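Chains as they are written, first to last, in the numbering used here: chain A, 1 to 314; chain B, 315 to 640.
Treat each hint with caution, since some may be false.
Said to hold, decoys possible - Pulled a few chain B residues facing chain A out of the computed Cβ check, cut under 7 Å: (1) L466; (2) A470; (3) L471; (4) L578.
Unchecked claim - Derived lysine-lysine pairs resembling BS3-like cross-links, with alpha carbons at most 30 Å apart: (5) A:K60 - A:K90; (6) A:K90 - B:K472; (7) A:K59 - B:K472; (8) A:K60 - B:K472.
Keep in mind the hints are simulated off the structure, nothing from the lab. As the structure is a prediction and not an experimental result, all values here were calculated from the model. For each residue, glycine too, the CB sits at the ideal point set by N, CA and C.
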Amino acid sequence: MTVYLLTRVVRWGSGLLLILFVSYAMMFYGAGDPIKRMFLDQEQGSLVLEEDVLEALRKKYGIDQPFPEQFRRYLAKLAVGDLGFSIREKRPVNRMVQVRLPISMQIGVAAVLFMVIVGIPLGVWAALRHNSVVDQFIVGFIVFINAVPIFVITPLLLWFLVVVVGIMDVPYGWKGLFHGQVVLPIIVLSFGAMPTVIRQTRAAMLDTLSQDYIRTARAKGLTSRLVIFRHMLRPVLIPVLTSVGLIMIGLVNGALFIELIFNIPGFGHIAITALRTVDYPVIMATVFIGALIVMVGNMLVDLAYPLLDPRITR
Amino acid sequence: MAATAPSERLTSLSRPEEVARRNLWKEALHRLFLNRLATLGLIVVVLFILAGLVGPYITPYDFLEQEIDNALAKPTAQHWLGTDALGRDILSRLLHGARTAAFVGFFTTAISLLIGIVLGGIAGYVRGLADEFLMWLTDVTMSVPGLLLAMLMNTALKRPIAAWFDDMYIQTKNPFYLDTLWLDFVLVFGALAFISWPGFARLLRGQVLSVRETLYVEAARAIGVDERRILTHYIIPNAIGPIIVIVTAGVGGAITLESGLSFLGIGVQPPNASWGSMLSDSFSLWISFPHLMIIPAATIGVIVFAFTFLGDGLNDALNPRQVIKK
Numbered sequence: 001m002t003v004y005l006l007t008r009v010v011r012w013g014s015g016l017l018l019i020l021f022v023s024y025a026m027m028f029y030g031a032g033d034p035i036k037r038m039f040l041d042q043e044q045g046s047l048v049l050e051e052d053v054l055e056a057l058r059k060k061y062g063i064d065q066p067f068p069e070q071f072r073r074y075l076a077k078l079a080v081g082d083l084g085f086s087i088r089e090k091r092p093v094n095r096m097v098q099v100r101l102p103i104s105m106q107i108g109v110a111a112v113l114f115m116v117i118v119g120i121p122l123g124v125w126a127a128l129r130h131n132s133v134v135d136q137f138i139v140g141f142i143v144f145i146n147a148v149p150i151f152v153i154t155p156l157l158l159w160f161l162v163v164v165v166g167i168m169d170v171p172y173g174w175k176g177l178f179h180g181q182v183v184l185p186i187i188v189l190s191f192g193a194m195p196t197v198i199r200q201t202r203a204a205m206l207d208t209l210s211q212d213y214i215r216t217a218r219a220k221g222l223t224s225r226l227v228i229f230r231h232m233l234r235p236v237l238i239p240v241l242t243s244v245g246l247i248m249i250g251l252v253n254g255a256l257f258i259e260l261i262f263n264i265p266g267f268g269h270i271a272i273t274a275l276r277t278v279d280y281p282v283i284m285a286t287v288f289i290g291a292l293i294v295m296v297g298n299m300l301v302d303l304a305y306p307l308l309d310p311r312i313t314r
Numbered sequence: 315m316a317a318t319a320p321s322e323r324l325t326s327l328s329r330p331e332e333v334a335r336r337n338l339w340k341e342a343l344h345r346l347f348l349n350r351l352a353t354l355g356l357i358v359v360v361l362f363i364l365a366g367l368v369g370p371y372i373t374p375y376d377f378l379e380q381e382i383d384n385a386l387a388k389p390t391a392q393h394w395l396g397t398d399a400l401g402r403d404i405l406s407r408l409l410h411g412a413r414t415a416a417f418v419g420f421f422t423t424a425i426s427l428l429i430g431i432v433l434g435g436i437a438g439y440v441r442g443l444a445d446e447f448l449m450w451l452t453d454v455t456m457s458v459p460g461l462l463l464a465m466l467m468n469t470a471l472k473r474p475i476a477a478w479f480d481d482m483y484i485q486t487k488n489p490f491y492l493d494t495l496w497l498d499f500v501l502v503f504g505a506l507a508f509i510s511w512p513g514f515a516r517l518l519r520g521q522v523l524s525v526r527e528t529l530y531v532e533a534a535r536a537i538g539v540d541e542r543r544i545l546t547h548y549i550i551p552n553a554i555g556p557i558i559v560i561v562t563a564g565v566g567g568a569i570t571l572e573s574g575l576s577f578l579g580i581g582v583q584p585p586n587a588s589w590g591s592m593l594s595d596s597f598s599l600w601i602s603f604p605h606l607m608i609i610p611a612a613t614i615g616v617i618v619f620a621f622t623f624l625g626d627g628l629n630d631a632l633n634p635r636q637v638i639k640k
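Using the sequences and the accompanying hints, generate a full structural model.
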């Protein structure tokens, strides 16, 4: 058990280190001199400061150091939770993240809840009515939202709801989680990983339904509700749990689109602005946080696994 | 998943006299055409490839030509799909965007497949540590949100490559290096291949691992079939089905990803037309001019669906064992 946990932690920890290394190297060799970028006069296109002043600044921020030394310093700062200093906004990245990340987190958590509350029952229902009209309808729905990307579905849905039906205005901006206009972004965001949840639930449910112990439970005369909740829920939830990584990726990717479309000032918004303006400390921070969210999710699943299914560590 | 009932497929398999007349590929094609949605998908995909190849030559207008006084026109006889905010013909831009999408889909998939064949082949063949390492690398790559990684790659490589092009121009005076239009394409191929190779590598590894261990390969060796014939007549025909399926899905996926990148403003840059940027361009205007948004959105939707259905159909046709198991 200890060996299992240790290998998991090493596996994901080294993975995160690799991602940091690759993205830092890309930015180091690709983004150009950060000091020049910081003090470049946007309108004139000329340097505001003299070259020797720039040199002193480079020294101050340690940008005159070779790559390995800079990367080491970056890691050291990251270890104490310092994400660096934004070139474009000229303030600590931590401050930006502190304000923006919670907004995306709230929407993300709400989307996951929606996914679980809607997705799992739909998957169970489809499996219980295997090959019926209900099943085919649900499977068709999965195929549809799985194929059509979020940036196509959202405008079409908006057009339908706002122009054709006319039941709402275009939701724009962020007015807190409990404001009505956050409903559409949450639903659309949950579409990203909803197919995975429904498909996994349905497949696991079909698999479990044909197990001997279910037949035994039924033969004992248990009610079907009892059979589903007591005997089937656990084996069905394990495969769903496996796809937490995919769900997380769906959320982070989806956040980029919905925050742009609905103009929500969240984490995805920072990422896009930073990439457009080549604000590389912010880009590094977004890649780091994005990867961290997915990897921590994956690792927690790996750690929770043996508790749900003791066969794994054997 | 779609269309034909399993019983229908089984009967198509179980008529021995018919099976005897067809070889493996004709049999697969026959099964594909039994699936109506997959056939429809195939037709759309063929049309899409044709549009990508000849589209820009048959468009009624140049995709950059602007008629400012005729901007935002609804569909008319002159402009079948109307014009956009700059008075550019939408049909022409759509056809030009088909070329962008086809380019990106084809090259991204080709590069990813190449990486997949090399890395997956090595891992499956050598096994041991190399295999462990590859699986770790794919796990790590897949756990970074793909779009962020692609955008990072795109942003980081743009400046050095553009600077390198400028240097090359100063040295050689070759006007080729001034043309930065296709530079964007190369960046997008690279960035997208960078995030989509793990799927290909894993599949290739699995195929190499499973086919080389099969009894019929061993039997062929035992009766003295030479290695080359084993490769061409035993291993490749049996390993290629899933690869065709993943390539089809990969092209569709790459097209979606490229539209997504362009939608976020980081994909193929203007003046090149891309469906994703057409969609994002429509954003402040679509309440009054819905056709600006619906046309590119529907186009992306139809193409993605076509690839999905074709991929599903090919999967059922080429891997019949899986279907029966379902």
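Status of the hints after comparison with the structure:
1. Against a cut-off of 7 Å between C-beta atoms, the interface hint on B:L466 holds, since the closest Cβ of chain A lies about 6 Å away.
2. Given the 7 Å rule on beta carbons, the hint for B:A470 holds: about 3 Å separates it from the nearest Cβ of chain A.
3. Checking B:L471 against chain A: minimum C-beta separation of about 6 Å stays under 7 Å; hint holds.
4. With a cut of 7 Å, the hint placing B:L578 at the interface with chain A holds, because the nearest CB-to-CB distance is about 6 Å.
5. This hinted pair checks out: A:K60 and A:K90 have alpha carbons roughly 16 Å apart, not beyond 30 Å.
6. A distance of roughly 24 Å separates the Cα atoms of A:K90 and B:K472; the hinted pair therefore holds under the 30 Å criterion.
7. Between A:K59 and B:K472, the direct Cα distance comes to roughly 27 Å. Compliance with the 30 Å bound is thereby established for this hinted pair.
8. Proposed proximity of A:K60 and B:K472 is supported: the alpha carbons are some 28 Å apart, at most 30 Å.
Hint compliance for this structure: every hint is met.
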